[in-house]
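Student: I would like the entire structure built from these sequences, with the hints used as guidance.
Start counting at 1 in the sequence shown, then tack on 342, and there's your number in my numbering.
Since the hints were derived computationally from the structure, they do not count as laboratory data.
None of the values given here were measured: they were computed from a predicted structure.
Just so it is clear, CB atoms sit at the ideal spot from N, CA and C, and this is done for glycine as well.
Keep in mind that the hints are not guaranteed to be accurate.
Computed Cβ-Cβ distance ranges for the label pairs, DEER-style [to be verified]:
1) Gly343 / Ser405: 32 to 38 Å
2) Glu348 / Arg562: 36 to 42 Å
3) Ala619 / Leu349: 38 to 44 Å
4) Gly605 / Gly516: 47 to 53 Å
5) Thr361 / Arg615: 18 to 24 Å
6) Asp616 / Pro488: 20 to 26 Å
7) Gly442 / Arg632: 45 to 51 Å
8) Asp354 / Leu613: 24 to 30 Å
9) Asp427 / Ala491: 24 to 30 Å
10) Glu579 / Thr361: 21 to 27 Å
11) Pro517 / Asp427: 30 to 36 Å
12) Leu613 / Glu412: 41 to 47 Å
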Amino acid sequence: GPVTVELYRRWDSEGRLQTRIAVYLSDGEPVEWWAAEGDASTPATDRLRVVGVKLFADGALGSRGAALLEPYSDDPDNRGLLVTDPDTLAAHAIRALELGLQPAIHAIGDRGNRVALEAIERGRLDGDGPPSRIEHAQVIALDDIPRFAELDVIASVQPTHATSDMYWAEDRVGPERIEGAYAWRRLREAGVELACGSDFPVEKANPFHGLYAAVTRQDREGWPEGGWRPEERMTREEAMACFTRDAAAAAGMADEVGSLSVGKRADFLILDRDPMAAPTEEIWTIRVLRTVIGGETVYEEAAR
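Tutor: Structural data, given as structure tokens:
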């Protein structure tokens with residue numbers, strides 16, 4: 343909201359903002375504040391910009407609050423819940439697009455994802471705007487997977503959700519719906535753009551935990567052998583791009599950051615090992631020795 347954005351702005355003006363922040367406003371009052379004065383009082387800078395609006399379609403799978411098209415396999419009287427009425431969700435998405443802001447819709451269940459796609463489609467009919475994104479995109483009806491690409495919707499996924507949920511996910515949704523759950527390979531093959539993140543503080547912020555989960559679909563003890571639903575794994579190259587170049591593109595910053603390229607800002611990490619060559623089981627243990635933002639060292643590991 344406004345208070346947080348203005349705090350970031352002050353830190354930025356004082357030279358205290360040591361990372362880049364792409365802000366997603368809460369819907370409602372913060373969006374109207376931004377429409378009235380936010381862009382003037384808090385212009386985009388090198389390290390701070392408002393890029394979108396966070397919206398919510400449904401709840402979480404673990405609590406059986408994710409909205410499903412059919413009842414939960416382990417709770418047959420429950421289909422989860424929509425936390426925002428579909429018409430209201432569509433209206434918020436349309437308003438975001440009118441302001442040039444990116445709708446980012448939390449959707450976990452297959453009904454939640456369908457409602458989110460429908461809201462985005464209604465918004466697109468009112469005019470062009472930045473590509474929308476669906477946060478989590480965890481359980482998707484197979485028929486809806488191609489719609490992500492058709493509507494230019496980015497699937498913003500968190501690989502550690504798969505490895506946190508794999509112990510009970512099939513119990514929740516059953517053997518048929520699990521085919522469209524945490525389905526990174528299916529999404530890629532359908533031409534869907536993916537972006538990877540952590541969902542901190544729900545999961546650990548460490549990106550190497552996410553990179554490890556993306557390429558192994560195992561927990562950090564190596565279970566299950568061969569990975570959970572290994573056909574949906576990413577390659578190391580895909581996972582690295584998903585956490586860097588593709589994540590930057592998803593926030594509208596593809597021309598500035600996300601890769602070491604001529605003309606882009608000098609944002610990079612120095613690591614203790616090469617994540618593309620380290621033994622697979624060691625990926626999650628990789629340490630950051632130095633963080634550089636815009637050519638400035640903002641973090642350096644203390645001598646060990």
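Student: A separate judgement is required for each hint: does it hold in the structure or not?
Tutor: Each hint, compared with the structure:
no.: 1; hint: Gly343 / Ser405: 32 to 38 Å; result: violated, 25 Å
no.: 2; hint: Glu348 / Arg562: 36 to 42 Å; result: holds, 39 Å
no.: 3; hint: Ala619 / Leu349: 38 to 44 Å; result: holds, 41 Å
no.: 4; hint: Gly605 / Gly516: 47 to 53 Å; result: holds, 49 Å
no.: 5; hint: Thr361 / Arg615: 18 to 24 Å; result: holds, 23 Å
no.: 6; hint: Asp616 / Pro488: 20 to 26 Å; result: violated, 36 Å
no.: 7; hint: Gly442 / Arg632: 45 to 51 Å; result: violated, 35 Å
no.: 8; hint: Asp354 / Leu613: 24 to 30 Å; result: holds, 27 Å
no.: 9; hint: Asp427 / Ala491: 24 to 30 Å; result: holds, 27 Å
no.: 10; hint: Glu579 / Thr361: 21 to 27 Å; result: holds, 25 Å
no.: 11; hint: Pro517 / Asp427: 30 to 36 Å; result: holds, 32 Å
no.: 12; hint: Leu613 / Glu412: 41 to 47 Å; result: holds, 45 Å
Violated hints for the displayed structure, listed by number in ascending order: 1, 6, 7.
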